[in-house]
Amino acid sequence: MGHTFSRQGPLAQSFFIPKPAISEKTLPDQIGKVCIVTGGNAGVGFEVCKILYEHNATVYLAGRSEEKCKHAISSIVDSIGSKTKPKGALRYLKLDLADLTTIKASADEFLRQETRLDWLCNNAGVMLAPAGSQGAQGHELHIVTNCLGPWLFTHFLHPILSSTAAGSPPDTVRVSWAGSVVIDLFSPKHGMSLDSDGNPQLPLSDPQKLYAISKAGNLFYASEYGKRSRTQGPSVVSTCFNPGNLRTELQRYVPPTRRMLQNLMLYPAIFGAYTELFSGFSEDVSTEMNGCYIEPWGRVLDVRADVKESCKSVEEGGNGIARAFWEWSDRECAKAKSSASAARKATEVDFYRERTRYYVENEKQ
Numbered sequence: 026m027g028h029t030f031s032r033q034g035p036l037a038q039s040f041f042i043p044k045p046a047i048s049e050k051t052l053p054d055q056i057g058k059v060c061i062v063t064g065g066n067a068g069v070g071f072e073v074c075k076i077l078y079e080h081n082a083t084v085y086l087a088g089r090s091e092e093k094c095k096h097a098i099s100s101i102v103d104s105i106g107s108k109t110k111p112k113g114a115l116r117y118l119k120l121d122l123a124d125l126t127t128i129k130a131s132a133d134e135f136l137r138q139e140t141r142l143d144w145l146c147n148n149a150g151v152m153l154a155p156a157g158s159q160g161a162q163g164h165e166l167h168i169v170t171n172c173l174g175p176w177l178f179t180h181f182l183h184p185i186l187s188s189t190a191a192g193s194p195p196d197t198v199r200v201s202w203a204g205s206v207v208i209d210l211f212s213p214k215h216g217m218s219l220d221s222d223g224n225p226q227l228p229l230s231d232p233q234k235l236y237a238i239s240k241a242g243n244l245f246y247a248s249e250y251g252k253r254s255r256t257q258g259p260s261v262v263s264t265c266f267n268p269g270n271l272r273t274e275l276q277r278y279v280p281p282t283r284r285m286l287q288n289l290m291l292y293p294a295i296f297g298a299y300t301e302l303f304s305g306f307s308e309d310v311s312t313e314m315n316g317c318y319i320e321p322w323g324r325v326l327d328v329r330a331d332v333k334e335s336c337k338s339v340e341e342g343g344n345g346i347a348r349a350f351w352e353w354s355d356r357e358c359a360k361a362k363s364s365a366s367a368a369r370k371a372t373e374v375d376f377y378r379e380r381t382r383y384y385v386e387n388e389k390q
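Going by the working numbering, the first residue of the sequence shown is number 26, and it counts up by one from there.
Any given hint could be a false lead.
SDA-like, lysine to any residue: derived pairs with alpha carbons at most 20 Å apart [unchecked claim]:
id, residue 1, residue 2
1, K129, K360
2, K214, D327
3, K44, G345
4, K95, D54
5, K360, Q162
6, K214, D121
7, K44, P213
8, K234, P213
9, K214, H80
10, K234, A330
11, K214, G345
12, K119, S104
13, K337, N224
14, K50, S104
15, K112, T51
Distance ranges between label pairs, derived from CB positions [unchecked claim]:
id, residue 1, residue 2, range
16, E92, A130, 13 to 21 Å
17, A156, Q257, 19 to 27 Å
18, K93, E341, 40 to 48 Å
19, K119, T140, 14 to 22 Å
20, E352, T51, 19 to 27 Å
21, I105, P194, 46 to 54 Å
22, D54, R137, 34 to 42 Å
23, A191, E313, 35 to 43 Å
24, S363, E91, 36 to 44 Å
25, H96, D222, 18 to 26 Å
26, E340, T140, 36 to 44 Å
27, V339, T140, 17 to 25 Å
Quick caveat, the hints were computed from the structure, so don't treat them as lab data.
No experiment lies behind these values; they were computed from the predicted model shown.
The C-beta atom is built at its ideal place from N, Cα and C for all residues, glycine as well.
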């Protein structure tokens with residue numbers, strides 16, 4: 026990150042926050058724009074989708090549950106009421122971030138329907154899942170849902186993001202990654218540590234620290250994707266946002282007593298939408314600021330110095346952890362990509378075998 030931003034700690038991210046820089050009242054018309062919001066069926070994602078649709082964007086709600094996403098779509102449409110119907114669209118996109126072998130199919134389904142993608146908002150996530158929770162391939166649940174799944178989804182969508190950027194005004198095509206105040210509060214030194222083989226060290230019995238590590242991982246993705254985008258073709262803006270301390274379904278694993286106390290200090294989900302909209306549409310954010318950290322409700326500030334050091338390569342004067350985590354993610358997802366390819370080939374073999382059996386049996390009749 027070439028820019029220098031002011032440093033404000035967790036208290037400044039949680040209290041005495043300035044008014045939102047972008048809201049439903051100030052967001053420009055988005056007609057012709059296509060956006061994907063992961064986890065768009067509830068909480069902050071729902072509010073983001075609602076505002077985008079009201080401003081004429083075509084919005085894909087990406088999530089596991091078709092029932093929940095379609096219910097969210099109906100709720101958004103119903104909320105418009107007698108007002109003029111927006112000129113955009115709301116569509117469901119199946120996406121299970123915890124099963125890496127299914128993610129290419131989700132990206133392919135989107136690519137069958139669209140020829141552009143203006144904003145990919147990696148909003149979905151899991152927080153404080155019970156110790157031992159895992160994804161479909163055995164990865165720790167916070168790491169696969171919050172990091173590897175979004176990384177792989179973005180990987181498959183990068184070509185359409187890049188092609189959209191090539192034909193769009195500068196700095197208008199973007200990828201946003203979900204961070205959190207816990208990066209500053211609870212992540213270990215440098216955001217995470219890696220072993221000698223480049224694998225992240227995960228305290229499997231500590232869900233709070235696992236969540237913090239996964240959020241630091243998203244900051245690292247924002248930085249690395251931004252660097253690679255700038256050197257590998259039409260540049261895509263890549264930022265990490267802390268949506269804020271909010272009352273959402275993300276709190277579902279928080280113990281009831283703690284959740285009750287937290288609710289006294291939490292903001293409505295729509296304020297988190299303002300933060301995310303800033304990352305997606307603010308004219309104050311550009312590719313020159315790729316990897317920057319956006320705090321509530323739309324301010325570009327700095328994370329802890331030791332975490333910021335990890336975003337820099339050794340050549341840039343940092344420790345290179347972000348690059349190493351990106352490379353680890355690539356290796357882990359390569360396994361899933363090969364598994365998905367093998368599964369598709371097996372399906373094709375079964376199809377041709379079944380078709381051959383059908384013809385043979387019918388010839389005997």
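For each hint, the structure was consulted:
The straight-line distance between the Cα atoms of K129 and K360 is roughly 13 Å, inside the 20 Å bound, and the hint therefore holds. Between K214 and D327 the CA atoms are separated by roughly 16 Å; this keeps the pair inside 20 Å, and the hint holds. Distance restraint check for K44 and G345: the Cα-Cα separation of roughly 35 Å exceeds the 20 Å cut-off, and the hinted pair is therefore not satisfied. The hinted pair formed by K95 and D54 fails the criterion: a straight-line CA distance of about 24 Å is larger than 20 Å.
Of the pairs offered as hints, the one joining K360 and Q162 holds, with about 10 Å between alpha carbons and a cut-off of 20 Å not exceeded. The hinted pair formed by K214 and D121 fails the criterion: a straight-line CA distance of about 31 Å is larger than 20 Å. For the proposed pair K44 and P213, the alpha carbon gap of about 31 Å is over 20 Å, so the pair is violated. Proposed proximity of K234 and P213 is supported: the alpha carbons are some 8 Å apart, at most 20 Å.
With a C-alpha separation of about 42 Å, the suggested pairing of K214 with H80 is violated against the 20 Å cut-off. Restraint check for K234 and A330: the C-alpha separation of about 18 Å stays at or below 20 Å, so the hint holds. Of the supplied pair hints, the one linking K214 and G345 holds, its CA atoms being roughly 14 Å apart against a limit of 20 Å. A hinted pair counts as satisfied when its Cα atoms are at most 20 Å apart, and K119 with S104 does not qualify at roughly 23 Å.
Restraint check for K337 and N224: satisfied, since their Cα atoms lie roughly 18 Å apart, inside the 20 Å limit. Restraint check for K50 and S104: satisfied, since their Cα atoms lie roughly 16 Å apart, inside the 20 Å limit. With a C-alpha separation of about 18 Å, the suggested pair K112 and T51 falls inside the 20 Å cut-off, and the hint holds. At roughly 19 Å, the beta carbons of E92 and A130 sit within the given window of 13 to 21 Å.
With their beta carbons about 39 Å apart, A156 and Q257 fall outside the hinted range of 19 to 27 Å. A beta carbon spacing of about 42 Å between K93 and E341 agrees with the range 40 to 48 Å that was offered as a hint. As the Cβ distance of K119 to T140 is approximately 20 Å, the hint placing it in 14 to 22 Å holds. The beta-carbon spacing between E352 and T51, approximately 40 Å, falls outside the hinted interval of 19 to 27 Å.
The hint said 46 to 54 Å for the Cβ distance between I105 and P194, and at roughly 29 Å that hint is violated. At about 27 Å, the beta-carbon gap between D54 and R137 misses the expected band of 34 to 42 Å. Against the hinted window of 35 to 43 Å, the Cβ-Cβ separation of A191 and E313 comes to about 18 Å, which falls outside the hint. A beta carbon spacing of about 28 Å between S363 and E91 contradicts the range 36 to 44 Å that was offered as a hint.
Look at H96 against D222: about 44 Å separates their beta carbons, and that is not inside 18 to 26 Å. The given range of 36 to 44 Å is respected by E340 and T140, whose C-beta atoms sit roughly 37 Å from each other. V339 and T140 have their C-beta atoms about 40 Å apart, which leaves the hinted 17 to 25 Å range violated.
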